[in-house]
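K.L.:
Same order as they appear, the protein sequences are chains A and B.
The first sequence: position 177 = 188 (the numbering used here), numbered continuously.
The second sequence: position 145 = 156 (the numbering used here), numbered continuously.
These aren't lab readings, by the way, just hints derived from the structure by calculation.
All C-beta atoms in this analysis are idealised placements derived from N, C-alpha and C, irrespective of residue type, glycine included.
Each hint should be verified, as a subset may be incorrect.
[Said to hold, decoys possible] Dumping the calculated SDA-like pairs for lysine to any residue here, alpha-carbon to alpha-carbon at most 20 Å:
#	chain 1	residue 1	chain 2	residue 2
1	B	73	A	204
2	A	73	B	64
3	B	149	B	53
4	B	109	B	123
5	A	68	B	266
[Unchecked claim] Selected chain B positions facing chain A (Cβ under 10 Å, derived; list incomplete):
#	residue
6	19
7	22
8	77
9	262
10	263
11	266
12	268
13	269
[To be verified] Just the calculated beta-carbon pair ranges, DEER-fashion:
#	chain 1	residue 1	chain 2	residue 2	range
14	B	51	A	138	50 to 58 Å
15	B	14	A	260	25 to 33 Å
16	A	130	B	105	39 to 47 Å
Protein chains: 2
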Amino acid sequence: MKQIENWQSFGGEQQIWEHTSDTLNCDMNVAVFVPSKAKTEPCPLLYWLSGLTCTEKNFIEKSGYQRFAEEYGIIVVAPDTSPRGDDVADDDAYDLGKGAGFYVNATLSPWQSHYQMYDYVTLELPKLIADNFNINQKASISGHSMGGHGALMIGLRNPEAFASISAFSAIVAPMQVPWGKKAFSAYLDNNVSEWQKYDSTELLKGLDVPKVPPILIEQGLADQFLAEQLKPEIFESVAKDKGIDLTLNLRESYDHSYYFVATFIGEHFKFHAKFLSDS
Amino acid sequence: MKQIENWQSFGGEQQIWEHTSDTLNCDMNVAVFVPSKAKTEPCPLLYWLSGLTCTEKNFIEKSGYQRFAEEYGIIVVAPDTSPRGDDVADDDAYDLGKGAGFYVNATLSPWQSHYQMYDYVTLELPKLIADNFNINQKASISGHSMGGHGALMIGLRNPEAFASISAFSAIVAPMQVPWGKKAFSAYLDNNVSEWQKYDSTELLKGLDVPKVPPILIEQGLADQFLAEQLKPEIFESVAKDKGIDLTLNLRESYDHSYYFVATFIGEHFKFHAKFLSDS
Chain A
12 MKQIENWQSF GGEQQIWEHT SDTLNCDMNV AVFVPSKAKT EPCPLLYWLS
62 GLTCTEKNFI EKSGYQRFAE EYGIIVVAPD TSPRGDDVAD DDAYDLGKGA
112 GFYVNATLSP WQSHYQMYDY VTLELPKLIA DNFNINQKAS ISGHSMGGHG
162 ALMIGLRNPE AFASISAFSA IVAPMQVPWG KKAFSAYLDN NVSEWQKYDS
212 TELLKGLDVP KVPPILIEQG LADQFLAEQL KPEIFESVAK DKGIDLTLNL
262 RESYDHSYYF VATFIGEHFK FHAKFLSDS
Chain B
12 MKQIENWQSF GGEQQIWEHT SDTLNCDMNV AVFVPSKAKT EPCPLLYWLS
62 GLTCTEKNFI EKSGYQRFAE EYGIIVVAPD TSPRGDDVAD DDAYDLGKGA
112 GFYVNATLSP WQSHYQMYDY VTLELPKLIA DNFNINQKAS ISGHSMGGHG
162 ALMIGLRNPE AFASISAFSA IVAPMQVPWG KKAFSAYLDN NVSEWQKYDS
212 TELLKGLDVP KVPPILIEQG LADQFLAEQL KPEIFESVAK DKGIDLTLNL
262 RESYDHSYYF VATFIGEHFK FHAKFLSDS
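Make the full structure from the sequences, and use the hints.
P.N.:
Written out as structure tokens, the structure reads:
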């Protein structure tokens, strides 16, 4: 693991690391914010998963989250959104291939040799972070759009691993919307049980309520993808039926952009900090 | 003047406008943040001038300033850094031509037909803003790097127009450093008095102390351009000799990037808000 960038930011360090991923079979960049508190004591962790077309840089350049990561003493890990490199399969469309890994383990050709993002984020990355940073045992997860899907899905599949889950503008029911159907059709066997493993709404249905971490979802009402791709009401309906601790904030006039994320990222850090604190 | 983007941000609106500039003889984009307060009452203005290679987008995407513009009720105007378009002269170097207007009125060929950034920022833009936004009579100015030079220089040439001046990582003495010498040689007649009109340190020497607005300069000590291009001590020395109200904050470990700007932009808004308030 090699540090390739290090920017002083709000008293902490915004780092970018390069490493060879065995899981993805390629070299990857991962952004890590290290608050000053981590110099003297172990800190909790927040994973941030980004959306379609993003790399590890969008969130760290555009959300201004570092102010809050430093304030609450949280190490933040923001991986890239897909495997990278010249020998990695790709597609001309923005919503398939590079920049569009959808956080699944692909089973179909030509994707399966590199597109193992689920295992990368849930197995390889946590080990890498544990080996190289001063973390304690607590972690939460968040993300935006496709990364909101990733955060909810990974959080719900590993509820014991996360103190809290949040998402912005998330794809909450990928099996029911065009983005999800297209990606799952390309990456995964055409098999309902295979698809359900990566669908947050389906996962929520199958979970025992006491196991589910607190969930916060932020959604702009002027989001151009709201009605066709995001549909938070599907997830909300299941959560309500089961009595899940879900807060869904619907924000008038806000769209799908990082201006929206930047506006409310502080509230999400406050939410996670409550569950990540030692007490 | 045509609105081409409008993003809800921290309760206000981050807009981008396109207009045909008579001064620059081309179409220009300008970013304007309108706080919610401007719906009901006239608000003060802050001009932000960006640095080399930037457009109107860098500051609005990377600094997170909207949080403070909304908090203090300040309209923020961030123009592009040079004329634009296929018929505008350019240079292969990043520090000359497009993205490198240096906020001067060029007198030499091939630049003089479009590169009139001083007049654009000080004459055309204020009129455009006054005609289209709910502003009051108060304005301040700030900027980064080449835009820090622009903010100091324009502020000191028009001290009655600005309540306060601030800059990040500024070129404070362009006549004495490579960036400034190169740009002034290309754009301006080889004439000391012509160059002095655009050199903040020279301008400061010639000003009556009571006329100078309060000045705040932020400088990272790990800035790769500090020793060769920025040299804030030159400006500080003149300010000290004259008894000028200058605060120069030297920040250990911080570099030249927008991570630095984002970290301290809130303090600069607080500084300007003090002088922009009605009382």
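K.L.:
It remains to establish, for every hint, whether it holds in the given structure.
P.N.:
Verification of the supplied hints:
Of the supplied pair hints, the one linking residue 73 of chain B and residue 204 of chain A is violated, its CA atoms being roughly 42 Å apart against a limit of 20 Å. Between the alpha carbons of residue 73 of chain A and residue 64 of chain B the distance comes to roughly 18 Å, so the proposed pair stays at or under 20 Å and holds. Restraint check for residue 149 of chain B and residue 53 of chain B: the C-alpha separation of about 10 Å stays at or below 20 Å, so the hint holds. Distance hint between residue 109 of chain B and residue 123 of chain B is fulfilled; the C-alpha atoms sit about 13 Å from each other, no more than 20 Å.
Of the pairs offered as hints, the one joining residue 68 of chain A and residue 266 of chain B holds, with about 18 Å between alpha carbons and a cut-off of 20 Å not exceeded. Interface hint at residue 19 of chain B: satisfied, since its Cβ lies 4 Å from the closest Cβ of chain A, which is below the 10 Å cut-off. Below 10 Å, beta-carbon pairs count as interface contacts, and residue 22 of chain B has one with chain A at about 8 Å; its hint therefore holds. Because the beta carbon of residue 77 of chain B sits about 7 Å from the nearest beta carbon in chain A, less than 10 Å, this interface hint is met.
Annotation: residue 262 of chain B was flagged as interfacial toward chain A, and the flag holds, the nearest CB pair being 8 Å apart, inside 10 Å. For residue 263 of chain B, the suggested interface contact is upheld, since its CB lies about 8 Å from the closest CB of chain A, less than 10 Å. Annotation: interface hint on residue 266 of chain B holds; nearest CB of chain A at approximately 7 Å, less than 10 Å. For residue 268 of chain B, the suggested interface contact is upheld, since its CB lies about 6 Å from the closest CB of chain A, less than 10 Å.
At about 7 Å, the closest approach between the beta carbon of residue 269 of chain B and any beta carbon in chain A falls short of 10 Å, and the interface hint on this residue holds. In this structure the hint that residue 51 of chain B and residue 138 of chain A lie 50 to 58 Å apart at CB holds, the actual value being about 55 Å. The supplied range of 25 to 33 Å is met by residue 14 of chain B and residue 260 of chain A, whose beta-carbon atoms lie about 27 Å from each other. Against the hinted window of 39 to 47 Å, the Cβ-Cβ separation of residue 130 of chain A and residue 105 of chain B comes to about 41 Å, which satisfies the hint.
The structure fails to meet hint 1 from the earlier list, while all remaining hints are met.
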